[in-house]
Amino acid sequence: MSSSVASLLPVLAAAEGGLNWQGFLFLLFAVLACSLAVAVVVADNVVRMSFYLVLSLGSTAGLFFLAGAEFVGAMQLMIYVGGTLVLLVFGVMLTAQEPFVAIKTPVRDKLLAGLVGGALLAVLLQAAVSGPAWSGSTAEGGNAVASSSGQPSATPLGMALLGVRVDGDVASGEQSPADGQVRSGYLLPFEIVSVHLLVVLVGAAYLARSKRRKSSGGQGGGASTGGMR
Amino acid sequence: MAEYLIQTMGLPGWLTWSLLAVLSAVLILNLMAGGALVFIWAERKVSARIQDRLGPTRTGGRFGWLQSLADGIKLLAKEDLMPERADKMLFRVAPYVSFCASFAAFIGLPFAFDMVALRLNVGVFYVVAVLGLEVFGVILAGYASASKWSLFGAMREAAQVVSYEVPLGMCIVVPVMLAGTMDLVTIAEKQSGWFTNWYLFHDPFTFVVFWVYTTCAVASVNRAPFDLAEAESELVAGFHTEYSGLRWSFFYMAEYSSMFLVSGLAAILFLGGWNGPVPIASLLGLSEGSGESTGAFVRLLGLANFLGKATLGVLFMMWIRWTLPRLRIDQVMTTCLKYCTPIAAVMFAGAMTWLWVFPGGC
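Chains as they are written, first to last, in the numbering used here: chain A, 909 to 1137; chain B, 55 to 416.
Certain hints may be false.
Unchecked claim - Chain A is faced by these chain B residues, among others (derived, beta-carbon under 7 Å): (1) Leu174; (2) Phe179; (3) Gly186; (4) Tyr197.
What the hints assert, rightly or not - List of simulated lysine-lysine pairs, DSBU-like, C-alpha gap at most 35 Å: (5) B:Lys128 / B:Lys99; (6) B:Lys142 / B:Lys128; (7) B:Lys128 / B:Lys202; (8) A:Lys1012 / B:Lys142; (9) B:Lys142 / B:Lys244; (10) B:Lys132 / B:Lys99; (11) A:Lys1018 / B:Lys142; (12) A:Lys1012 / B:Lys202; (13) B:Lys132 / B:Lys142; (14) A:Lys1018 / B:Lys202; (15) B:Lys99 / B:Lys202; (16) B:Lys132 / B:Lys244.
No lab work stands behind these hints: they were computed from the structure.
On a predicted model such as this, the values are computed, not experimentally measured, just so you know.
Here a beta-carbon is modelled for each residue, glycine too, at the ideal position from N, C-alpha and C.
Build out the structure end to end from the sequences listed, making use of the hints.
The following block contains the structure:
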């Protein structure tokens, strides 16, 4: 979320020299994404929350499409928006004892959450804006968002997810191919994320199941035994 | 076209792009609305003939061809009801979510060579991703209605669509693999020539994959025999029990345009897209690039081919709907998890092996 807040700044800087249509669409999607993200936090009904979350994530997908990153945008729609759908179904099944339960948060918790969230946002914002990529693109302004060199293709990304890097060195300088180190692609992070998701899934299934038979005991079983059964 | 407008007419860039965007949106909206009108009439006639009835005969003179329009006017005039305990905001918004998801999916679907609102590098992926969002509107509708029938329908729909996305995705990967791209325009272009070039007839595995895709597509757009979400014998009307009038008709339009969409996707992925069974244009020595008027003629021919194939797909779905009885929910899940998914997986491996053994086709 904070990344889209941070990426507002260069466009705002470029807006002084006349707002072009990319800048306008960028602002539109960015404001939508941010305000709906706030709405997720403020809303007190789990289904409304997920509805706002879907819209917010959809706006973020719109930002990706605007930047010419079609693959990432479609991924965003498929995984995050589609994932929220499953989240919603689980959320309703697990939490709703009766229709339209309002989740009331005490003021003390709200203050605490606001403090932690604000501090995290401040740190991330500072880190994001002070990065070399951001300060470099400020000179280019909003045009840098839409202009892309050549026809982008999803093939290198797909190959990299399989563990083969066929593309050139994007962030040149940090690790060049000359030092003998083979760039291994994104197979390991990809697998780690997959296993992580599997654990979450098993945990959700365990939670949903243990509610029905409380008498069977086994409190220390945890997620793994839930999966074994 | 954008370059033409900017350079010849001297229009500013933002105006040109807005004009083109509005033009595409209007065309797609009209296709969805007009298509729904035609298909609803066709559904009435097809179901009537299958059941040895006549169907609408009088509205608009012969064949009752104005029946859908009369239905539409009736729907406009209906009272807009909302349950008292409903979540008002979500109840109002749900039909639009379904409709917008269906609409957004059409953006990536090419109708003929160069006739696509937005040519995406990952067209297939985009269309499938957006099409999966349509169920969100259904779930919202079911939840927001504060009715048990609606909630049951929505939960069934969620379980069904989430499950059927797995074999559907596996089937779609096969043509993507054969073409080596996810760009829908390129996939259709690679099947040009005689109908033997279609991916349906590429090898035995793709032939089976096509039928698995058909099953999953029917299930994913929630049509009979997989219309558990609105099973009228058990759930009154499922997720749209509490809806009436125009809001209900948005769900209906979304359903019919999704049917058209999955049929169009099948046409592009397996049935050669806008390439006819017999390459008339190339036999006559014409192509999309040859001259302005002949190029336009070839494109129109392609459009007719594509629309014909997609319409046949929709009629096929109607035929299935009025022939087969509805499955039980456990049978729906069995069909998906025990039959479609393993078959799709085996056929996927088979098609891959075929590609490996006969790299240039056979």
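Verification of the hints:
1. Leu174: holds, 5 Å
2. Phe179: holds, 5 Å
3. Gly186: holds, 5 Å
4. Tyr197: holds, 5 Å
5. B:Lys128 / B:Lys99: At roughly 19 Å apart (the allowed maximum being 35 Å), B:Lys99 and B:Lys128 satisfy the hint.
6. B:Lys142 / B:Lys128: Within the cut-off at roughly 24 Å; holds.
7. B:Lys128 / B:Lys202: holds, 28 Å
8. A:Lys1012 / B:Lys142: holds, 20 Å
9. B:Lys142 / B:Lys244: Since the Cα atoms of B:Lys142 and B:Lys244 sit roughly 49 Å apart, the hinted pair is violated (cutoff 35 Å).
10. B:Lys132 / B:Lys99: Holds, at about 24 Å.
11. A:Lys1018 / B:Lys142: holds, 26 Å
12. A:Lys1012 / B:Lys202: holds, 25 Å
13. B:Lys132 / B:Lys142: Answer holds: B:Lys132 to B:Lys142 is near 19 Å, not above 35 Å.
14. A:Lys1018 / B:Lys202: holds, 34 Å
15. B:Lys99 / B:Lys202: Roughly 33 Å separates the two Cα atoms, so the pair holds.
16. B:Lys132 / B:Lys244: violated, 49 Å
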